[in-house]
Amino acid sequence: MLEIKIVHDDEYYCNDLVVLHNGEEIRRHSDGMEPEDVMFYRDLSWVGDAILEAYELGKKDSKCKEEKDGI
6 MLEIKIVHDD
16 EYYCNDLVVL
26 HNGEEIRRHS
36 DGMEPEDVMF
46 YRDLSWVGDA
56 ILEAYELGKK
66 DSKCKEEKDG
76 I
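Position 47, counted from 1, in the sequence shown is what this note's numbering calls 52; the numbers after and before it change by one each time, with no gaps.
Watch out, some of these pointers could steer you wrong.
[Unchecked claim] Here are the simulated EDC-like cross-link-like pairs (lysine to aspartate or glutamate), alpha carbons at most 20 angstroms apart as the crow flies:
hint	residue 1	residue 2
1	Lys10	Glu29
2	Lys10	Glu72
3	Lys10	Glu61
Think of the hints as simulated: they come from the structure by calculation, not from any bench.
Please construct the entire structure, taking both the sequences and the accompanying hints into account.
Next up, the structure:
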């Protein structure tokens, strides 16, 4: 099963996007940055890959459930 969490870090004042599949962390991305890294753009190129990965894992989970349910 795919699970997505937002974890807030009070010490560094940032958030992490955590993606778990069957309880195993498969991705973690943070919105934290150092002052010298602040720009008017952010590299969000990982988002497309994360969506495709989640889609493929969902298809795999669905097939496993269908086989388990005898569908």
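### Task
Quickly compare the C-alpha distance for Lys10 and Glu61 to 20 angstroms and report which way the hint goes.
Holds: Lys10 and Glu61 sit about 19 angstroms apart, inside 20 angstroms.
### Hinted pair Lys10 and Glu29, Cα distance within 20 angstroms
Given pair Lys10, Glu29 holds - Cα atoms ~13 angstroms apart, limit 20 angstroms.
### Task
Take the C-alpha atoms of Lys10 and Glu72, compute the straight-line distance between them, and say whether it is at most 20 angstroms.
This hinted pair is violated, its Cα atoms lying about 28 angstroms apart.
Hint compliance for this structure: hint 2 is the single one not met.
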